[in-house]
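Going by our numbering, the first residue of the sequence shown is number 52, and it counts up by one from there.
The set of hints was computed from the structure by calculation and includes no laboratory data. Quantities reported herein were computed from a predicted structural model and do not represent experimental measurements. Where hints are given, some of them may not hold.
Pairwise CB distance ranges, derived in the manner of DEER restraints [claimed, not checked]:
#, residue 1, residue 2, range
1, Leu279, Asp219, 17 to 23 angstroms
2, Asp169, Ser259, 21 to 27 angstroms
3, Ala176, Ser133, 21 to 27 angstroms
4, Arg262, Ala182, 31 to 37 angstroms
5, Gln173, Gly222, 31 to 37 angstroms
The beta carbon of each residue, even a glycine, is placed where N, CA and C say it ideally should be.
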Amino acid sequence: MKKIVALLLSMLLVFSLSACSGGTSSSSDSGSSEPSAQSSEPSVQTSEAPASEAPSDSEMPEETTEPTVETGGILIAYFSWSGNTERMAQMIQAETGGDLFEIAPAIPYTDDYNELLDIAQQEQADDARPAPASRVENWDSYDVVFVGYPDWWSDAPMLIYSFLEDYDWAGKTLVPFCTSGGSGFGRSLNKLPGSASGAMILEGLHVSGSRVEGAGQDIADWIGGLNLD
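The task is simple: from the sequences and hints, build the whole structure.
Structure (structure tokens):
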């Protein structure tokens, strides 16, 4: 009887060891034949860059605004060889409070009167346009422009037409004034509209060169009658 029991226990032990051995082998085979889910899936790399931070107020670009142009100003532009037209321009400035601008040639004229007459006559024959030495700053700020010149050979110096044709006169008022030995404006009043296209041209004033210093009242009355306000 003891032998039978011993035999049964031995068989039971062998069976138990066989079952344990089979489980371990199966687990080992499974690990070698099929990769785990973790090893088969590559790690995901994001291609999106991190959102940049919004700039602070101090980093924001400053807004730029176009400067406003003040209008309504008065300009007194003049060319003077002997000084008479310059003096008249100064008297007009005293009455109007406008800005003075000298229309000077880039190449100065001679101081010799007889030579000057020949130069002026030749410029008229050539319909020349001598270059001015400078330009008016802030042209758009002026609504009224007085333009003064001496009379040369019954016309304005050709330098005046160079000046007029160098600017946009649309919407502006042109007021001519002139000095001479007695011939007045000559042909210049008829020629101004062609060189100052778009300008409204008001009545001008001529003063004899010998009378400029005593023409203060005439200038004041003339300006008062223009109704520039």
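Which of the numbered hints are not met once you compare them with the structure shown?
Structure breaks no hint.
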